[in-house]
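Numbering of the sequence shown is given in the working numbering, commencing with residue -15 and proceeding in unit increments.
Read the hints as simulated data drawn from the structure, not as lab findings.
These numbers were taken from a predicted model, which means no experiment stands behind them.
Do not rely on the hints blindly, as some may be mistaken.
[To be verified] Across the chosen pairs, the derived CB separations fall in these ranges:
1) ARG62 with GLN25: 34 to 44 Å
2) GLY220 with GLU64: 15 to 25 Å
3) LEU199 with GLY28: 31 to 41 Å
4) LEU191 with LYS83: 21 to 31 Å
5) ILE187 with ILE21: 12 to 22 Å
6) ILE194 with SER71: 43 to 53 Å
7) PRO241 with LEU9: 33 to 43 Å
8) PHE163 with GLY220: 53 to 63 Å
9) GLY81 with VAL32: 27 to 37 Å
10) LEU70 with VAL5: 49 to 59 Å
11) SER273 with MET183: 45 to 55 Å
A virtual CB, placed ideally from N, CA and C, is assigned to each residue, including glycine.
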Amino acid sequence: MFKRIGLFLGLNFVVLMTISVLVKLLGVDRWLTANGIDYAQLLGFSAVCGFTGSFISLMLSKSIAKMTTGAVVISSPRNETEAWLLSTVRDLADGAGLKMPEVAIYQGTPNAFATGAFKDDALVAVSTGLMQSMTRPQVRAVLAHEVSHIRNGDMVTMTLLQGVLNTFVFFFARVAALFLQNRNNDGEERRGYGFGYYMVVQIFELLFGILASILACAFSRHREYRADAGAAELTGSPDDMIGALQALGRSETDPLPSEMKAFGIVDLPSFSELFSTHPPLEDRIRALSSQTSGKGGTEAPEGKRRSSGGLFGNVNSDGDFPRS
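The task is simple: from the sequences and hints, build the whole structure.
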């Protein structure tokens, strides 16, 4: 916990120093001062606004995930399937050097996610659709992927990155709006800021926010490759993760709630890859296959990696999953 607090404070300092150096090199500080703006106060305001929302979302991430997906934490296994899920996550967490996370199930199409503010207080959730459409080794590989996200600290890292990007968006949107306002005034002194100024700020925040989203999505795609590789490490082979991704490619998947989509095992393709939180499945499979080839293995044919109907079969009327 203290390491994360130190990282947060350190990153805040780096962000503020980076923006301070930029505004000094570009002469923005002198220009702002000449226009009656204390750029240090503006910078501090931007950092507070940029990081506060991100960290509130992080601290509430488990509660938000449970509420938006309807995930039910397995406190006491009701059947063999739930017992297997708990046992498998416990083994994977031990292998990753983590404290046992909460394990939950939710009703939905094939997907899974991990979230939580701390490595030792995380949540791993899988959907009923995923359990019905995959074999047990494939489900284990998906769980390993999510445990890898926790081990890598991806939830915190994404929050820090979003806070940095938000800070830049807040700061430069106001600088750009002030610059545009002064040009429109033809050098005349302006006292106060009217409705038009704040509308321009909103427009610049939208534009800069789009650029920030592109950067955040690029990092999100990178961490998916890392989590896939981590799953291969924890399970001992890329083959089951390849099979899981192939199974996802054959399934119809509904998107997770917007707050959670970056943390799912898969997300719906965006109209542009620039705005996709996950790489295309074929690219992820290709990356894992290169690991298999490097170890002298071969990728199993797609048709041989899926058991008919999935290992877990269909859900009974009482909510249980029949044993295989």
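Query raised in the report: Broken hints, numbered, in rising order?
Result: 1, 3, 4
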